[in-house]
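On the provided structure of chain B, position chains D and A as indicated by the hints.
One-letter residues, chain by chain:
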Amino acid sequence: MIRAARAILRKDLRLELRTKESVPAMTLFTVVVFVLFHFGLDRNSLDGSLASGVLWVTLLLAAIIGVTRLFAAEREQGGIDALLLAPVDRTALFLAKAAALFLFLVAVEIVALPAFALLLLGPDLLEALPELLAIVLLADLGLAAVGALVSALAVETRARELIVPLLLLPLLVPVLIGAAHATEPLLRGSQRPEDLGRWLGLLSLYDVVFVLLSVAVFDFLLED
Amino acid sequence: MLELDRLERRFGDRVALQGVSVRVEPGRTLAVLGANGAGKTTLLRVLATLLRPHGGQVRVLGAELPREAWKVHGRVGFLGHEPLLYRELTGRENLRYQASLHRLADGRVDEVLAAVAMERRADEPVRDLSRGMVQRLAVARAVLHDPPLLLLDEPRASLDPAAAELLEPLIGRASERTRVLVTHDVEGGLAEADLALGLKRGHQVFAERVDAAQARELYR
Amino acid sequence: MAYARGLKPLAAATAVTMTAALALVFFYAPLDADQGFVQKIFYVHVPMAIVALCGWVAAGVMAIRHLRTGDRSWDVRSYVAIHLSVILGVGVLATGSIWARASWGHWWVWDEPVLVSFLVVFLLYCVYYPLRFSIEDPDRQARYSSVFAIAAGAFVPLNFVAVRLAESFTHPRVLSQTGGDLPGEMRLTFLVSLLAMTLLFVTLWKLELTSKHAEARLKRLRRRLEAREPAAVA
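Residue numbers (the numbering used here), protein chains in the order written: chain B, 480 to 703; chain D, 8 to 227; chain A, 4 to 237.
Relax, there's no trap hidden among the hints.
Here are some of the chain D residues that sit facing chain B, going by a computed Cβ distance under 10 Å:
(1) Ala-55
(2) Arg-59
(3) Val-79
(4) Tyr-104
For the record, the hints were derived by calculation from the structure and aren't laboratory data. All figures in this text were calculated on a predicted structure; none of them were measured in a lab. We treat Cβ as the ideally placed atom computed from N, Cα and C, and that holds for glycine.
Just chain B, with the same shape it has in the complex (with noise of 0.2 Å):
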């Protein structure tokens, strides 16, 4: 199941490259929000809680973009019923697509921090980096496994666009919540992380749940 988890994500990583679809739009987003938050909030720079919040909140929304479009391709070219043909298990199209939008979060967070200490951060973001990325990471797994479960869910409905935000973005307060309180002290200057452990936590508990629970319910979701 790994060796077919494996070669469906290449399949995607390809697809991606070829076509650009998903990661320069979402890395675009997120750089025209900066500009937005900039104006809309009338400030040159940003710390703590507000640049934390600013950082998160436009990274969950970017993410959306990512989401809706990851079964894009074997929607319209009926791709699924060629995985489902093949005497593959169906949980590792869950695990390629999951890895496939993790990637495409951590190409896009490549971009987005950088501009964000550019465009809107105020302290060095450098000093904070190691603490940042095991934040980024372990969030990006949370939004990955959940984005593929609603990107799933989805996927036949008329209405996906709509549905996919409204579906997602309350299943991810809790990631925001962890994210952004994590983040908090370490985008004030000169202030040690309080609390990392928690929030790290948190993150973690999510993380397991989700993952199990897509996993364990994703054969559903192909079926007819």
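Frame of chain B; chains D and A shown alone:
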């Protein structure tokens, strides 16, 4: 190979198939005829385990559907209306992907590409190919894993006579596989089939050898 | 499926308990020193919230049964539970808002973690309807709804933990006050109110299931009739 006994399939309140019963021996060809919307494609998809039956009994390759559907996976070659190929990938990449899903050796991809005469253009994105070429690649995809059962939905639709002839040994009678063939070509379909199943609005009208005149009644 | 069995005694029990609860709230429970009469909304607001949340989690469990057994009646039970909890949810938010206004002067407060996390959960379950009704095939509709119910049901406790953690920097409010140290009269009134709300929920749940079941049987009979005599079904 195939045993259907009063198969029933609904879509909400609409009955798509009802009372379909037929038996197909290994190596035989079943032609499925009927007007548009009669349920031919639905029948094919049930046999492919893409849809589950709502009533009656279905046995494909010895496996009872839907309970043992997993036993059928990887042993059916499905050629539907959609080529099931990713347009942005090349023919070769598409087939390699399929091959990895079915756990086949890479060499098999080259073999099949040669068989459908697409080696030269296998490295171009599918969206750049003509419909006939895409159809040839779709056939390649369908027989890549050498399945004992073929489910074909108008296989010769976009093919010129030369291409159709080329594909005969793969999906025609000469392939010696069990085949279920959905077609609008009444005479052609009957000519290459051992059995014919006629569908009219989801109901079975006949399941035996018939002549062309009887078959055309379906389209009234 | 004899849904209607036990419905009459259940309804009777509900009526009795609700009357008792109302009596206790108005005549027995003490008047709150600083909040006055409005504080009594607490006896409606909190039980409603608890029952709604339990309803949602129970719906998730029913959804698991549906997926495991393939028996669609479990999905219907799950749907009705979610549906009723959403209606209760509107009540929770409304009473919560009134209470907040009366007690603290604002129509909404972020300090109360239960209310806040309830809002998030409520918004999530509101999406159940568009999701469910945008899928036409009944089998698939049931399956996808169940998947949602399970994910959302698991989300309820997770979300509560998260919000609680976030708000734990402000001093805990009425709920945790009431958690342990409710004075005797308040506690009795609260428990009776909770019981009444639970019974009400279960009665309405059974009632709606009975009606849906009857509808479904009628539909099946019509379909069977139609198959035999297409002209007879006018």
